[in-house]
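K.L.:
Those protein sequence lines, which keep their order, are chains A and B. Residue numbering for the first sequence is 1 to 356, as defined by the numbering used here. Residue numbering for the second sequence is 1001 to 1356, as defined by the numbering used here.
FYI, nobody ran anything at the bench for these hints, they're computed from the structure. Each hint should be verified, as a subset may be incorrect.
Calculated pairs, DSS-like style, for lysine-lysine (alpha carbon to alpha carbon, straight line, at most 30 Å) [unchecked claim]:
1) K1185/B with K1265/B
2) K1026/B with K1290/B
3) K1026/B with K253/A
4) K253/A with K1248/B
5) K78/A with K116/A
6) K1241/B with K258/A
7) K165/A with K93/A
8) K241/A with K1019/B
9) K241/A with K1165/B
10) K1241/B with K198/A
11) K265/A with K1019/B
12) K1274/B with K1019/B
13) K1290/B with K1116/B
One-sided and incomplete, this derived list gives chain B residues near chain A with beta-carbon spacing under 8 Å [as the list claims (entries may be wrong)]:
14) L1015
15) N1039
16) R1043
17) L1071
18) V1074
19) A1076
20) T1148
21) T1228
22) T1239
23) K1274
Covered stretches of chain A (in silico footprint by chain B; criterion: 3 or more residues with CB under 8 Å from a CB of chain B, positions within the stretch not fixed) [unchecked claim]:
24) 29 to 38
25) 158 to 171
26) 322 to 334
Here a beta-carbon is modelled for each residue, glycine too, at the ideal position from N, C-alpha and C.
There are 2 protein chains.
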Amino acid sequence: MRIIVDVMGGDHAPLETLKGAYAASKELNASFILVGDRNEIDRIAEEQGFDLRRFDIVHTPVVMTMEDDPLSVVRAKKESSMSVGLHMLADGKGDAFVSTGNTGALFTGATLIVRKVRGIQRAAIGTILPTAVDPCVLLDTGANVTVTDEQLEQFAVMGSVYARKMFDMRSPSVGLLNNGTEDHKGTPLQIAAHQRLKACDSICYIGNVEGSTVPLGACNVVVTDGFTGNVFLKTMEGTSKMILKALKGALTKNGITKLSALLLKSSIQEMRHKFDASEYGGSPFLGISKPVVKAHGSSDARAFCNAIRAAVTYAESGVIYDIAEEAEGFLARRRAEREEQAANAQSEISAGGGEA
Amino acid sequence: MRIIVDVMGGDHAPLETLKGAYAASKELNASFILVGDRNEIDRIAEEQGFDLRRFDIVHTPVVMTMEDDPLSVVRAKKESSMSVGLHMLADGKGDAFVSTGNTGALFTGATLIVRKVRGIQRAAIGTILPTAVDPCVLLDTGANVTVTDEQLEQFAVMGSVYARKMFDMRSPSVGLLNNGTEDHKGTPLQIAAHQRLKACDSICYIGNVEGSTVPLGACNVVVTDGFTGNVFLKTMEGTSKMILKALKGALTKNGITKLSALLLKSSIQEMRHKFDASEYGGSPFLGISKPVVKAHGSSDARAFCNAIRAAVTYAESGVIYDIAEEAEGFLARRRAEREEQAANAQSEISAGGGEA
């Protein structure tokens, strides 16, 4: 297993990404190609006492920033670590690519350079959420702000495949994020998608789910458009921060609460870890033909190391192979539908001709 | 001040609604008209030892259920407590109406029976959110699943008026809920609304805000469509429950943590109260010409009493008067735009005529 690591981009790159990659290289049974500014890498390695002989290093002078237009990954910034790394993945020079850079650019690059699985209309970002019970995968968490009901069906199937392999479940439950559980709830998109998902054989669809029950473990896969998914994910993050901040306030209020806080320390730390998104590492781009994993932009060394571990697990899991199989099914159904439409049109013409 | 109270509908009606109304009648300087099933009201009053002489009671034999079609409030279920209560408000028999029933029906009834403020295109449900700092009003939290950018502008103005009066603020900050803070973020709706809000003189617009910062107190008013607003609100609710559940687990883990929990009891209860949505009472329908307040469907007596208190405060605040003034401004701007367009068209015709 060879992992291509973009050490540039992100809020704390290249220091934290390099530290994360170094930690991963000691822990994981994989080899690593670091893509980034060679001078920076050398400087940090010397500072931190890292032995670079364990890495292949590809020097790239250009960095993709958070402000860059997504399309610059295939245009003005072809020499960036992100673009070079994605091309290496596409050319088979590694088995997975991990980056903490500009999400839009990474997604555009993955779609245009690495390419989608045949039959998948849109790839989606799948993010694992902490819940009160089992973890749950939410997709799309930001790549496609507007989608069709057919694309949501594909997201549901991809999410199911992912949950089956990664959470080791036979038939993960799938819910459609909506503003109520009844059939008529939502915008026209959700109403159409709900009917489509009900009719879909390859998933275990449990119906519409709400933001109030997903964090309590309503289902294993939650499907939504990238706009709503992004708002959902960030609202969970913001609400967690708000409550943990208030908890800190409650624990440091006076001498007695401070004493209690000491006694509770390990128990509360365990709880914090459980709700810390960075524990789950990176988010794979489901529907891309090779493993591309996005680490959170604010990743520190530990979070980036977790993202690299997630990329290895994802690459080894066979998720992409299974998605490709499901996508063949989509294509076959589409072909059958088209043939049926053509046959119907033909018979209408014949019938019309007979009447004339 | 006369408050019309729908005691039917909701998960725990009429027992909890009646208990809530009774508590409110002892606390508030207002008179009350209870609308609902007289037999049920009498039975509960006897059971609970309530003195009903302090109330006017209007008997209605029909109940609007959560499953009823919203339009039934003006069609099949005109005899329901909700419909009768709304007509009484419209006819000036009371100063505010509070209900815990079917949100869709209540909103439809408010719009069709009580009617909107002149110039307001769509009314919106405004809900107060707990945040780490000041409270914040979110609208729309569920009435309009699809909206236009112009309607979002009206929501922003109504939310500002509300925050100004209710939170006693001179210029509340307004944010547009989005999946990022940059200008180009969101669906075409958010992109258009962002530009429109930037140009709006009557609010203090701070730009796009994210789910990650709203709970931390990013702004005083958050504007969004009813679908996203509902998902946001429920996600905050679900995430709070998830964390408070985990906290309970952490506090009851063993003898030592249980002892600490005892010492922390009052401090943690205070925190729970802060994040309990029912503390903030009901949600007013902003843009309706008279005060209609929705209490949470799962309201217990305390939450329903809080909703009644919110209705009194809202009715006394003058928010509706100020919204009407702002709406006149909208109408004037629209008229000016139309006149300008007509004048332009006229001058084009004249110019065309001159050339011919």
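K.L.:
A separate judgement is required for each hint: does it hold in the structure or not?
P.N.:
Evaluated hints:
no. : hint                 : verdict
1   : K1185/B with K1265/B : 43 Å, violated
2   : K1026/B with K1290/B : 24 Å, holds
3   : K1026/B with K253/A  : 35 Å, violated
4   : K253/A with K1248/B  : 19 Å, holds
5   : K78/A with K116/A    : 20 Å, holds
6   : K1241/B with K258/A  : 24 Å, holds
7   : K165/A with K93/A    : 25 Å, holds
8   : K241/A with K1019/B  : 36 Å, violated
9   : K241/A with K1165/B  : 29 Å, holds
10  : K1241/B with K198/A  : 29 Å, holds
11  : K265/A with K1019/B  : 42 Å, violated
12  : K1274/B with K1019/B : 23 Å, holds
13  : K1290/B with K1116/B : 8 Å, holds
14  : L1015                : 24 Å, violated
15  : N1039                : 30 Å, violated
16  : R1043                : 31 Å, violated
17  : L1071                : 12 Å, violated
18  : V1074                : 18 Å, violated
19  : A1076                : 17 Å, violated
20  : T1148                : 13 Å, violated
21  : T1228                : 6 Å, holds
22  : T1239                : 4 Å, holds
23  : K1274                : 6 Å, holds
24  : 29 to 38             : violated (count 0)
25  : 158 to 171           : violated (count 0)
26  : 322 to 334           : violated (count 0)
Checked against the numbered hints above, the structure breaks hints 1, 3, 8, 11, 14, 15, 16, 17, 18, 19, 20, 24, 25, 26 and satisfies the rest.
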